[in-house]
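4 protein chains.
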Amino acid sequence: MCRLLAYTGRPILLEDLVCRPDHSLIHQALAAQEARTVTNGDGFGIGWYGERPIPGCYRETLPAWSDENLRSICAQVRSGLFFAHVRATTEAAVARVNCHPFVHDRFMFMHNGQIGGHRQIRRKVEALIPDELYSARAGSTDSESIFLAALGQGLETDPVGAIARALRLVLELQKEAGITEAFRFAACFTDGDRLWAFRWSSDREMPTLYLRGRDEGTVVVSEPIDGCGGGDWSEVPRCGWVSIPRDGSPTYGSLDRAICDCRD
Amino acid sequence: MCRLLAYTGRPILLEDLVCRPDHSLIHQALAAQEARTVTNGDGFGIGWYGERPIPGCYRETLPAWSDENLRSICAQVRSGLFFAHVRATTEAAVARVNCHPFVHDRFMFMHNGQIGGHRQIRRKVEALIPDELYSARAGSTDSESIFLAALGQGLETDPVGAIARALRLVLELQKEAGITEAFRFAACFTDGDRLWAFRWSSDREMPTLYLRGRDEGTVVVSEPIDGCGGGDWSEVPRCGWVSIPRDGSPTYGSLDRAICDCRD
Amino acid sequence: MCRLLAYTGRPILLEDLVCRPDHSLIHQALAAQEARTVTNGDGFGIGWYGERPIPGCYRETLPAWSDENLRSICAQVRSGLFFAHVRATTEAAVARVNCHPFVHDRFMFMHNGQIGGHRQIRRKVEALIPDELYSARAGSTDSESIFLAALGQGLETDPVGAIARALRLVLELQKEAGITEAFRFAACFTDGDRLWAFRWSSDREMPTLYLRGRDEGTVVVSEPIDGCGGGDWSEVPRCGWVSIPRDGSPTYGSLDRAICDCRD
Amino acid sequence: MCRLLAYTGRPILLEDLVCRPDHSLIHQALAAQEARTVTNGDGFGIGWYGERPIPGCYRETLPAWSDENLRSICAQVRSGLFFAHVRATTEAAVARVNCHPFVHDRFMFMHNGQIGGHRQIRRKVEALIPDELYSARAGSTDSESIFLAALGQGLETDPVGAIARALRLVLELQKEAGITEAFRFAACFTDGDRLWAFRWSSDREMPTLYLRGRDEGTVVVSEPIDGCGGGDWSEVPRCGWVSIPRDGSPTYGSLDRAICDCRD
Numbered sequence: 001m002c003r004l005l006a007y008t009g010r011p012i013l014l015e016d017l018v019c020r021p022d023h024s025l026i027h028q029a030l031a032a033q034e035a036r037t038v039t040n041g042d043g044f045g046i047g048w049y050g051e052r053p054i055p056g057c058y059r060e061t062l063p064a065w066s067d068e069n070l071r072s073i074c075a076q077v078r079s080g081l082f083f084a085h086v087r088a089t090t091e092a093a094v095a096r097v098n099c100h101p102f103v104h105d106r107f108m109f110m111h112n113g114q115i116g117g118h119r120q121i122r123r124k125v126e127a128l129i130p131d132e133l134y135s136a137r138a139g140s141t142d143s144e145s146i147f148l149a150a151l152g153q154g155l156e157t158d159p160v161g162a163i164a165r166a167l168r169l170v171l172e173l174q175k176e177a178g179i180t181e182a183f184r185f186a187a188c189f190t191d192g193d194r195l196w197a198f199r200w201s202s203d204r205e206m207p208t209l210y211l212r213g214r215d216e217g218t219v220v221v222s223e224p225i226d227g228c229g230g231g232d233w234s235e236v237p238r239c240g241w242v243s244i245p246r247d248g249s250p251t252y253g254s255l256d257r258a259i260c261d262c263r264d
Numbered sequence: 001m002c003r004l005l006a007y008t009g010r011p012i013l014l015e016d017l018v019c020r021p022d023h024s025l026i027h028q029a030l031a032a033q034e035a036r037t038v039t040n041g042d043g044f045g046i047g048w049y050g051e052r053p054i055p056g057c058y059r060e061t062l063p064a065w066s067d068e069n070l071r072s073i074c075a076q077v078r079s080g081l082f083f084a085h086v087r088a089t090t091e092a093a094v095a096r097v098n099c100h101p102f103v104h105d106r107f108m109f110m111h112n113g114q115i116g117g118h119r120q121i122r123r124k125v126e127a128l129i130p131d132e133l134y135s136a137r138a139g140s141t142d143s144e145s146i147f148l149a150a151l152g153q154g155l156e157t158d159p160v161g162a163i164a165r166a167l168r169l170v171l172e173l174q175k176e177a178g179i180t181e182a183f184r185f186a187a188c189f190t191d192g193d194r195l196w197a198f199r200w201s202s203d204r205e206m207p208t209l210y211l212r213g214r215d216e217g218t219v220v221v222s223e224p225i226d227g228c229g230g231g232d233w234s235e236v237p238r239c240g241w242v243s244i245p246r247d248g249s250p251t252y253g254s255l256d257r258a259i260c261d262c263r264d
Numbered sequence: 001m002c003r004l005l006a007y008t009g010r011p012i013l014l015e016d017l018v019c020r021p022d023h024s025l026i027h028q029a030l031a032a033q034e035a036r037t038v039t040n041g042d043g044f045g046i047g048w049y050g051e052r053p054i055p056g057c058y059r060e061t062l063p064a065w066s067d068e069n070l071r072s073i074c075a076q077v078r079s080g081l082f083f084a085h086v087r088a089t090t091e092a093a094v095a096r097v098n099c100h101p102f103v104h105d106r107f108m109f110m111h112n113g114q115i116g117g118h119r120q121i122r123r124k125v126e127a128l129i130p131d132e133l134y135s136a137r138a139g140s141t142d143s144e145s146i147f148l149a150a151l152g153q154g155l156e157t158d159p160v161g162a163i164a165r166a167l168r169l170v171l172e173l174q175k176e177a178g179i180t181e182a183f184r185f186a187a188c189f190t191d192g193d194r195l196w197a198f199r200w201s202s203d204r205e206m207p208t209l210y211l212r213g214r215d216e217g218t219v220v221v222s223e224p225i226d227g228c229g230g231g232d233w234s235e236v237p238r239c240g241w242v243s244i245p246r247d248g249s250p251t252y253g254s255l256d257r258a259i260c261d262c263r264d
Numbered sequence: 001m002c003r004l005l006a007y008t009g010r011p012i013l014l015e016d017l018v019c020r021p022d023h024s025l026i027h028q029a030l031a032a033q034e035a036r037t038v039t040n041g042d043g044f045g046i047g048w049y050g051e052r053p054i055p056g057c058y059r060e061t062l063p064a065w066s067d068e069n070l071r072s073i074c075a076q077v078r079s080g081l082f083f084a085h086v087r088a089t090t091e092a093a094v095a096r097v098n099c100h101p102f103v104h105d106r107f108m109f110m111h112n113g114q115i116g117g118h119r120q121i122r123r124k125v126e127a128l129i130p131d132e133l134y135s136a137r138a139g140s141t142d143s144e145s146i147f148l149a150a151l152g153q154g155l156e157t158d159p160v161g162a163i164a165r166a167l168r169l170v171l172e173l174q175k176e177a178g179i180t181e182a183f184r185f186a187a188c189f190t191d192g193d194r195l196w197a198f199r200w201s202s203d204r205e206m207p208t209l210y211l212r213g214r215d216e217g218t219v220v221v222s223e224p225i226d227g228c229g230g231g232d233w234s235e236v237p238r239c240g241w242v243s244i245p246r247d248g249s250p251t252y253g254s255l256d257r258a259i260c261d262c263r264d
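Protein chains in written order, with full-length UniProt numbering: chain A, 1 to 264; chain B, 1 to 264; chain C, 1 to 264; chain D, 1 to 264.
Keep in mind that the hints are not guaranteed to be accurate.
[Claimed, not checked] Computed far set for chain C versus chain B, every beta-carbon distance over 12 Å:
| hint | residue |
| --- | --- |
| 1 | Val38 |
| 2 | Pro55 |
| 3 | Arg71 |
| 4 | Ser72 |
| 5 | Thr90 |
| 6 | Asp131 |
| 7 | Asp247 |
| 8 | Thr251 |
| 9 | Ser254 |
| 10 | Arg257 |
[Stated by the list, open to error] Derived, one-sided and incomplete: chain D residues facing chain B with beta-carbon distance under 7 Å:
| hint | residue |
| --- | --- |
| 11 | Gly9 |
| 12 | Ile12 |
| 13 | Leu13 |
| 14 | Thr39 |
| 15 | Gly41 |
| 16 | Ser66 |
| 17 | Glu91 |
[Unchecked claim] Stretches of chain A that chain B covers, calculated by requiring three or more beta carbons in the stretch to come under 8 Å of a beta carbon on chain B:
| hint | region |
| --- | --- |
| 18 | 89-102 |
| 19 | 137-145 |
Because the hints were derived from the structure by calculation, they are not lab data.
Backbone N, C-alpha and C define an ideal beta-carbon position, used for all residues, glycine too.
Please put together the full structure from these sequences, using the hints given.
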């Protein structure tokens, strides 16, 4: 399990959310409070949009808390749309290619959770990646596979539907293989404009995911970064999704429903 | 293209071959003479057999010439069967999981060369990996795929035949895809007892591979390590293989013939 | 604060102490129980004596728990005298040169603790390093300075006296500078033959240090590695030292007394 | 010896100079043409000024040519004043703390060259660092010492004089120690506003340093980045300095003269 943070809104320095808060993502790397693993020290990554359609990305295998480059970059880079992630690996090696966020073209994705029994069905999960994206696979995580599979399902034009279809296909693979371990999925996706967050689990033991909307922008996090349980965080609904524009209000929906819909 | 070295014989310190010679593998990392790339600085690896059936392995993404750990380990570890490899990547990311040698169970493999057009047929190359080995794939190189595919073809019991079948299958994938770029393959394999070396190319522009047999043991290298063009190195025959026991004389054969044989 | 382990006795695989026990050093890196910092993920190191007078050394900046090389090396290397250390930095950068153990010639040293107010008196602490050893300083830790300073005080011939003199000199520097923060020092030293362990603090808030002597050998640890509070660990006496031969019984003494003695 | 690049002028993307040109700094890391070492693969660094007085900095021990983070950051970061450096170590370990540029407060410095016989006089060179900056020393290079020593000589208010005094003091240390190896020094310094470049050697075997002034800005490099020997590069005068404002024309002077002046 990992910890993640996404922001969309008025451009701010990354450090305002990633480094400075009491229970910032860097602090969560060392001492997560709502995760199954306290320590998320198996690498990290940040991705941000600047003046180009393609985001910048910095991923490293060191723990986030000891990386001076991370602090320095976060102190300089201002962005109106960025992701940050600290990793606790369950299966795949500690390697930059296995660190989140994953970037493909102008799209960016990160994930907290896992496909239960992934080792058993890894080949079939990877078979969900379309041919034209297969050579883009650089690592060996289930997360990267889901991202590329979802791109193949139309993530660009129909994010909720594409994620729903990808989840459903993975669920079917688990079922076929007789896997009873859960599939847990808290994730963020962006096309460089709008931000989508997803919170879902096959066994109702839901990964945490919170949202805070303020005038300057909206933050999505695995756990609140102010460490005080302050009142302006709301949970992303269980088995739900939320779509957040640069300006304006979020739209919510049911991911369960979307998964059902794509069954037909 | 990369540079590699394998040794089998009386136990010696790794440094005797890896670090000390004038044109040692570490020196070749900085200044290869017979390679298409002068610099082989995209990581390295050593693997050695000690008192256990499974080999030890140290792989790192730094260049071999600047890694103090490598020098220290090579100065301490004595082995009668070991591999060393310095990498120059053509496609896959610089990551430990993409560094050679690759170890699976008691088997070890390393490679210099590449499958022309690998990106186009990567999915099909990976489809050659048998189900039970698929979850062992940690990186994204063509080399690791060939190793796992060959294991599936019986590398344990029939190394030459298994490599021949794997090469033939890859050649067919290239052909199907209309790929005209060559498939070049200089490689070493061991089961912890005997050492096999292979030298082959689909276009007769052969990767270099040399062998030196002395009383204390046999060395296989991409290029001679004494840097003097001394007389006791012989080329591994073009499109050939050589099988080297711990004691006794090498056996040679034609890899072209083996590939032809498996066509029937 | 860091966690350390030293062994002397019949040659064993490093993994028997470093990796395998329930609360092995690798486990302590992730979840120390008796340290001021739970996580010791700022790099690690192992050093061991084999057939040469100079020890082998492998130090890396990744956390010990995620380093596959560490596990592989520990599974292969057998030694009758070795050190292992996981680091939690208080001041100096995460860098291999700041990882323990420190090796100089055939001597090896590692440390858990810190010189209170080191930043203020760093120059003067470094001035304790003799000229002929100054160029050996590769990092910026107080630990490395103490080691080199103690070498200058005769660590080779009189380990207890040399450590006592080095501690006393540092104490005087703290006093001169009006530093009230404590100087805490749990350390191991070896000349490749005998092992010395030291446990001391200027403020009586003593770093933990345990010893377990069995037939096959003696282990010194920051905290017991079996995680069960089993009965055969004894504390190294407060402000004491212990000297352990390869065979035979340890000798104990008072480090406080040694420090007093060198005042005259 | 290393390769360096500095830019001041209209804000541009770092990649325009660091990655894109035919003989960009990244290409020089792999294949320098005018350096004593062809390969500059012992780490790299970039430092840039954005909207803060303190620069951002990204330093890494991997070779520049294989670091995907470097390419991604350079493709996103736009700056009107930045440094980039690829390292070939002569003495100090490969470590981030030994990578250039060095940043202290709002000041930034990088260096190509070396103090001949540095190991012999390292303690005395470090003694040139003023007390209040001593704890800022993180690595073990002569370059970092010169920077901190020059800060102590007034680099902030009188860059040329401060560098001259620092060089002179080092020269005297070499002389005292009977060192006959040369002291070579090509370096850039900035206070976040103006850029200074220095080219000097004690033995007239001068490190190369070129300057190209165009409307949009001025570039200083160890060797031209267009790889064509194009006509608009001029050599920085031997034993000279150049001071370059954000807008306007450079000022030149003699570093030899400045060194003489400070002798009195």
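Which hints from the list above does the structure break, by number from lowest to highest?
-> 2, 3, 4, 11, 12, 13, 17
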